[in-house]
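J.: Construct the entire structure; sequences and hints are all you get.
Heads up: the sequence lines are chains W and F, in that order. Just so it is clear: in the first sequence, position 77 is 77 by full-length UniProt numbering, and no numbers are missing. Just so it is clear: in the second sequence, position 220 is 220 by full-length UniProt numbering, and no numbers are missing.
Derived from the structure by calculation, the hints contain no laboratory data. Wrong hints could be hidden among the right ones.
Pairs count within a copy or across copies, as identical chains cannot be separated in the list.
[As the list claims (entries may be wrong)] Straight-line alpha carbon distances no greater than 25 Å define the calculated BS3-like cross-link-like pairs of lysine-lysine that follow: (1) Lys259 to Lys25; (2) Lys205 to Lys190; (3) Lys134 to Lys190; (4) Lys82 to Lys161; (5) Lys161 to Lys259; (6) Lys344 to Lys150; (7) Lys319 to Lys330; (8) Lys161 to Lys150.
Being a predicted model, the structure only gives us computed values, none of them experimental.
2 protein chains.
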Amino acid sequence: MTVVAPKVEKEEEQVVNPWEVSAGKGGIDYDKLVDQFGCQRLDAATIDRVARLTGRPPHRFLRRGLFFAHRDFNEILDLYEKGEKFYLYTGRGPSSEALHLGHLVPFMFTKYLQDAFKVPLVIQLTDDEKFLWKNLTVNESKRLARENAKDIIACGFDVEKTFIFSDFNFVGGAFYENMVKVARCVTYNKVVGIFGFSQEDHIGKISFPPVQAVPSFPSSFPHLFSGMEQLRCLIPCAIDQDPYFRMTRDVAPRIGCQKPSLTESRFFPALQVNKYAFSGGQDSAELQRELGANLEVDVPIKYLNFFLEDDHDLEQIKKGYGDGSLLTGKVKNLLGDVLYEVVKRHTRARAQVTEEMVDAFMAARPLPNMFG
Amino acid sequence: MTVVAPKVEKEEEQVVNPWEVSAGKGGIDYDKLVDQFGCQRLDAATIDRVARLTGRPPHRFLRRGLFFAHRDFNEILDLYEKGEKFYLYTGRGPSSEALHLGHLVPFMFTKYLQDAFKVPLVIQLTDDEKFLWKNLTVNESKRLARENAKDIIACGFDVEKTFIFSDFNFVGGAFYENMVKVARCVTYNKVVGIFGFSQEDHIGKISFPPVQAVPSFPSSFPHLFSGMEQLRCLIPCAIDQDPYFRMTRDVAPRIGCQKPSLTESRFFPALQVNKYAFSGGQDSAELQRELGANLEVDVPIKYLNFFLEDDHDLEQIKKGYGDGSLLTGKVKNLLGDVLYEVVKRHTRARAQVTEEMVDAFMAARPLPNMFG
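T.: Listed below in structure tokens is the structure:
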């Protein structure tokens, strides 16, 4: 006799990797993610230290725990305290014509870090990745990279400290040498373990992780960091990119390089699967006045968390919305005003970005004032 | 009761791929290889046609069946007959300081093709491959590539028609774009089927086949073939390189490119595992006079096949050695004279190759006289 196990509704597991972010019931469990990935929590003492070392208030993304995890960020701060510098590396896969609000988050934070620490920045546009994963032509991927560069430049980066490059334009020379060095250190089994590729996947996907790894190494940019091959690198990114840099940190010492440090953010709400909840407000004004809103699942509150600069205003809104004295419609109106300002400011700045400015940021040139 | 099959001595199978050439008993079975790989035999009619079209006698490697197989070589000849041109692509993995005699074979044949058809030539030095497969540093691989370039230049290539490049120096731009395009068309399962990689192999190996594929496409060399993206390519190589170009020909139409054609050579004897036989001569002068030599397995005769230009002289030696009137020592002496001349000529030519000449051949420049 065969015993058949009764069918059980399986709890949906969260999946977080560079190509898929899917929450379990109740949203992303960030604590679980930190443990699973093996990164560290960004604590209040570290945030205070950033404020002290830079002589400016910590960014709201830090104050509010939106950048919430890190790897060896303290080592970067230790060195900085002793008068040493580092460089920043971040990036974007140019899959759409224009950046959305959520896409701006890492760049806003990166700009704050560049201004606060006065350090150079390299920004990688992975047009090759998007060609490999999406049904795009090479030329379309390159065009999107250039369009995305305009949005990024509009965030206010300093052209004297910032090098933006697309892989299709820049891969070669020392950068390619480092790609090959990294690839020699990573087995197929290893990338399957980290990224979950299958045997039916094309080898373009399997070849890609070293491309995103090597901007972590100053020797990939001889026009910037010649003679500074041991300069440390700090990578601000969303936590779904952590697998790339776990791999990078694993390989780094084996090829004579420093491990990059990371600061890692939560996901912008739009990136989560919001099938369980959007608004935390009650269904009617009467119920809302009586019960107040559930702030934990409320997307407008999450957006305000990201974009409303004033801490006091944010607290007032949360208090009123939570105790029922603020209605859902009013909160949405307030959010609308805040987003309108952010979008207006960005749209205006982007309209000022000329093709010549894009050329200037994307020229492989020395940055004479990069630590100034 | 369990039945155990009796242990049987298994006949050793021949293995031929870019990294391993191992003969079964009795040497490489080239007929089997042609059937297994699915290429075509190079017949007498095609060789006559080459002679007619080029107005010069076919190279001894053709006359003697040393280049014995091909893929679509006739299509190249059809086009050439109509007044169209093509380009040549060959290469070398720079794993040793200097080239050996056998390494010169494809280059000697390529030089003949360049002279006979008056066509441009690209030569790829896969220093990245050697870094990936051997325990070398990047700098050592690059140095060997440059040393090997000197041996190649010494074969007499025309600097006005020849571009030599090393991957570490040249990968980038349109070449990298084509690498990524090829990689998107080939699954992991597919490269395992073609090249026999294992899951413990590093991803550098898995990433490499597109690097050797893309010099087959003129668009990889915009400084040479801008506006000639449909120019056909002919690849002279040893037959162990066929797997790369099977893959390339499979992918080509899917990315809008022409399939490359190939002419494929037997292995130079040193590359075979000669555990079964070296000399076909008899053990004593008496036996040799009585029985004559077995020419089929005799390595000195194979070497003479490659390097003795005069057909009549070669026939005389074979006849005398086979019927016992020529002793083994005499044949070895004759071979010594021939090889001495080849090596002397090459050594002298190599001594004339300056660093400036290497720079000239390896500069990514237009070739203004490439079809002249």
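J.: Which numbered hints does this structure break?
T.: Hint check: 1 fails alone, others pass.
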